[in-house]
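Undergrad: Here are the chains, one letter per residue:
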Amino acid sequence: MGYAYDFDAILRNFGPLLNGLELSLEIAIAANAIAIALGFLIALMLLSRSWLLRLPATAFVEFFRCTPFLVQIFWFFYCVPLLFNVFLSSRALGILALGLILSSFNAEAFRGAVQAVPREQIDAGVALGLSPWRRVVHIIFPAALRLAIPVLLTNGILAFQTSSLLSLVAVEELMFNAKMLSSKIYRPIETFTVVALIYFAISLPISQLVNWFERRRAAAEG
Amino acid sequence: MTDSQSQRAGDPLLRIESLRKSYGAGHPVLQGVDFETYAGERIVVIGPSGGGKSTLLRVIMGLEDIDEGLITFKGRNYVSAAGGRTRIDAGIRRSIGMVFQHYTLFPHLNVMRNLVLAPCKVNHETRASATKRGLALLERFGLAEKAGAYPSQLSGGQKQRVAIVRALMMDPTLMLFDEVTSALDPELVAEVEQVILQLTGQDLPMVIVTHDIWFAKRIASRVLFCDGGRIVEDGPPEQVLSNPKTERARDFVTRVYHANG
Amino acid sequence: MDLDFHVVWTFSGALAQGLRLSVTLTVVCMALGSLLGALLALARTSGSLWLSLPATAYVELLRGTPVLIQLFWVFFCLPLVIGFEPSNFASGVIALSLSMGAITAETFRAALRSISRDQKDACAALGLSRWARTRYVVLPQALLRATPVLLSNTITLFKESALVSAVGLADLMFIGGNISNSVGRPIEVLTSVAAIYFVIAFPLTRVVTRVEKGMLRKLAL
Chain A
1 MGYAYDFDAI LRNFGPLLNG LELSLEIAIA ANAIAIALGF LIALMLLSRS
51 WLLRLPATAF VEFFRCTPFL VQIFWFFYCV PLLFNVFLSS RALGILALGL
101 ILSSFNAEAF RGAVQAVPRE QIDAGVALGL SPWRRVVHII FPAALRLAIP
151 VLLTNGILAF QTSSLLSLVA VEELMFNAKM LSSKIYRPIE TFTVVALIYF
201 AISLPISQLV NWFERRRAAA EG
Chain B
1 MTDSQSQRAG DPLLRIESLR KSYGAGHPVL QGVDFETYAG ERIVVIGPSG
51 GGKSTLLRVI MGLEDIDEGL ITFKGRNYVS AAGGRTRIDA GIRRSIGMVF
101 QHYTLFPHLN VMRNLVLAPC KVNHETRASA TKRGLALLER FGLAEKAGAY
151 PSQLSGGQKQ RVAIVRALMM DPTLMLFDEV TSALDPELVA EVEQVILQLT
201 GQDLPMVIVT HDIWFAKRIA SRVLFCDGGR IVEDGPPEQV LSNPKTERAR
251 DFVTRVYHAN G
Chain C
1 MDLDFHVVWT FSGALAQGLR LSVTLTVVCM ALGSLLGALL ALARTSGSLW
51 LSLPATAYVE LLRGTPVLIQ LFWVFFCLPL VIGFEPSNFA SGVIALSLSM
101 GAITAETFRA ALRSISRDQK DACAALGLSR WARTRYVVLP QALLRATPVL
151 LSNTITLFKE SALVSAVGLA DLMFIGGNIS NSVGRPIEVL TSVAAIYFVI
201 AFPLTRVVTR VEKGMLRKLA L
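Chains as they are written, first to last, in my numbering: chain A, 1 to 222; chain B, 1 to 261; chain C, 1 to 221.
These are calculated hints, taken from the structure and not from any lab test.
Keep in mind it's a predicted model, so treat the numbers as computed, not measured.
Heads up, some of the hints might be wrong.
To be verified - In silico DSS-like links for lysine-lysine, alpha-carbon gap of 25 Å or less:
(1) B:K132 to B:K146
(2) C:K120 to C:K218
(3) B:K132 to B:K121
(4) B:K121 to C:K120
(5) B:K146 to C:K218
(6) B:K146 to C:K213
(7) B:K217 to B:K245
(8) B:K146 to B:K121
With the sequences and hints as input, model every part of the structure.
TA: In structure tokens form, the structure reads like this:
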């Protein structure tokens with residue numbers, strides 16, 4: 001095997017990787033923020049008694065859950081500007097696309113969580129005279145959020161990893177820069193290994209956090 | 001109810017000495033349990049939650065490690081602790097049967113297969129012979145027509161009765177019951193207690209952990225009150241249940257009477 | 001804006017071929033991946049550290065990195081490491097199977113762990129040996145519990161298979177992307193491609209729900 005490893009080359013070229021990572025994180029965090037709020041709203045629509053709200057919400061969730069992320073991202077980047085006659089930066093498109101995808105997954109998580117909020121808490125809100133909207137904001141949302149946190153965090157990691165697909169539509173995030181670098185210095189093994197470890201280094205602590213949450217919950221209910 | 005004294009013929013069936021067990025530092029669960037049981041006895045163990053009675057039963061079944069102590073069965077070493085490790089005689093353990101609080105029937109097998117699994121795989125009994133015995137037992141306890149049903153199709157009381165039959169299929173020399181009616185709706189409790197009462201005719205020694213004082217009165221030949229990991233009282237049911245000697249037992253029995261109206 | 005879906009129809013043959021590759025990849029990689037996952041799950045739940053540590057490391061690593069980078073690694077780095085270059089298709093199979101292995105390992109592990117301790121106690125009380133317990137009580141239930149999740153994993157794999165287009169494998173996504181570029185009608189083509197994926201994945205999700213409900217009922221979980 002006549003391949004001399006040279007990880008130093010990566011260190012010398014770390015700048016663009018770091019920039020790419022910054023963009024990936026920006027996009028992932030922004031998408032998560034959108035997806036938590038939107039996911040909750042869609043969950044409420046899914047649980048609504050009126051089919052006028054349920055139908056579009058269900059269609060939304062099913063579309064995003066039954067088609068590949070890549071198709072969705074391509075569709076966003078190539079079709080949305082044409083359809084809606086808007087011009088958005090690739091960063092904005094990326095956040096939008098990722099945010100919508102993620103919100104469909106979060107909607108399912110929230111749906112389960114909202115259904116699991118104890119009835120008594122909501123009844124207490126009614127007894128105290130809170131309006132339906134106030135009940136949602138002050139009782140249901142906080143409780144559902146607490147219940148859904150492990151899944152939301154896991155979905156968040158998923159979003160961060162899925163952001164790598166944006167490299168295929170020329171968004172200059174971490175994956176894109178990794179490919180560029182690998183071609184430039186002819187060192188795919190070092191480049192991709194290091195970048196994989198970067199993704200891993202960010203995903204691992206969060207997944208450990210999720211495990212901790214679930215262990216705590218199991219102990220509390222034990 | 002026969003006098004527990006006259007049943008003490010011969011050597012002890014089970015002898016428990018200085019049993020100690022903790023779940024880690026500062027969580028002692030059994031703090032020196034000593035008692036003996038004799039053939040034909042029906043021992044009921046009562047006591048508050050967390051007092052150690054279920055753990056005691058599980059130790060007797062060989063499901064738990066112990067820190068100190070010795071249990072002998074018919075004079076032979078059964079469960080012993082030495083150098084931090086627990087030795088359990090597998091042969092003796094096989095002759096003890098146990099029924100648990102939460103059914104634990106195997107949900108993916110129907111009733112008959114639940115019954116014949118252990119006899120066939122452990123005792124290498126033929127399917128035909130085990131099935132025959134199983135049907136006979138099911139008939140005895142009024143469950144014959146459920147032989148092909150799956151656990152999910154049975155009521156709680158039926159599941160527990162099947163669980164008892166399943167344990168009986170292995171011809172145990174000693175039967176342990178761990179709060180077998182605690183998880184049942186009140187109207188299903190009687191049918192299970194009926195089955196256990198029917199077993200008394202076979203002279204099968206039993207140790208029963210229960211919350212049900214009335215059942216304890218009817219079935220016990222001897223009652224143990226277990227609290228704080230120790231046996232605090234030990235005597236005939238008339239004494240322990242109606243006229244306990246110790247303060248703690250008195251407190252407990254009074255509270256239970258009041259709680260159950 | 002005029003939409004012309006007829007254009008898509010003229011390419012239906014090519015799209016069908018792409019779909020065939022996607023489906024083939026899904027089936028093959030699910031089979032290989034499940035096998036790998038089962039072995040990994042057994043390794044992780046075995047008592048031995050020699051087995052469980054590497055297995056856990058593998059699963060954590062593959063689940064903590066994007067599938068795209070795993071794909072790139074297999075396509076660009078593996079040939080350098082092993083000294084020869086597998087065919088595109090083989091590389092795709094390797095990458096996706098390795099990824100599915102990690103996912104199904106978690107599925108199997110969760111199924112094994114969900115068998116309650118009470119069941120194992122009942123086996124001990126009946127005198128069943130550890131082997132008999134595993135073979136007759138634990139494994140059958142674990143497989144039953146894992147089935148709906150495995151089906152769901154298959155749907156995920158079908159969607160993930162679209163990534164192989166990024167390394168030049170002529171699957172549905174690749175062909176769709178090419179057509180879209182060559183006729184300059186991204187909306188019609190990409191929508192159709194999405195619809196094809198949807199038409200296959202959606203009914204499968206309904207099947208998963210039904211299997212789940214049926215199993216829940218039978219096992220009274």
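Undergrad: Sort out whether K245 (chain B) lies within 25 Å of K217 (chain B), counting only the CA atoms.
TA: holds, 17 Å
Undergrad: Does K213 (chain C) sit within 25 Å of K146 (chain B), going by the straight-line distance between their CA atoms?
TA: holds, 24 Å
Undergrad: Compare the distance between the alpha carbons of K132 (chain B) and K121 (chain B) with 25 Å, and conclude whether the hinted pair is satisfied.
TA: Status holds; Cα separation ~16 Å.
Undergrad: Hey, K146 (chain B) versus K121 (chain B), does the alpha-carbon distance stay inside 25 Å?
TA: Holds, because 22 Å separates the two Cα atoms, which is no more than 25 Å.
Undergrad: Could you grab the alpha-carbon distance between K132 (chain B) and K146 (chain B) and see if it respects the 25 Å cut-off?
TA: Answer holds: K132 (chain B) to K146 (chain B) is near 15 Å, not above 25 Å.
Undergrad: Is the straight-line distance between the alpha-carbon of K121 (chain B) and that of K120 (chain C) 25 Å or less?
TA: Holds - the C-alpha atoms of K120 (chain C) and K121 (chain B) are around 15 Å apart, at most 25 Å.
Undergrad: CA of K146 (chain B) to CA of K218 (chain C), is that 25 Å or under?
TA: Holds. K146 (chain B) to K218 (chain C) sits at ~16 Å (cutoff 25 Å).
Undergrad: Starting from K120 (chain C), check that the Cα of K218 (chain C) is at most 25 Å away, please.
TA: holds, 20 Å
Of the numbered hints listed earlier, not one is contradicted by the structure.
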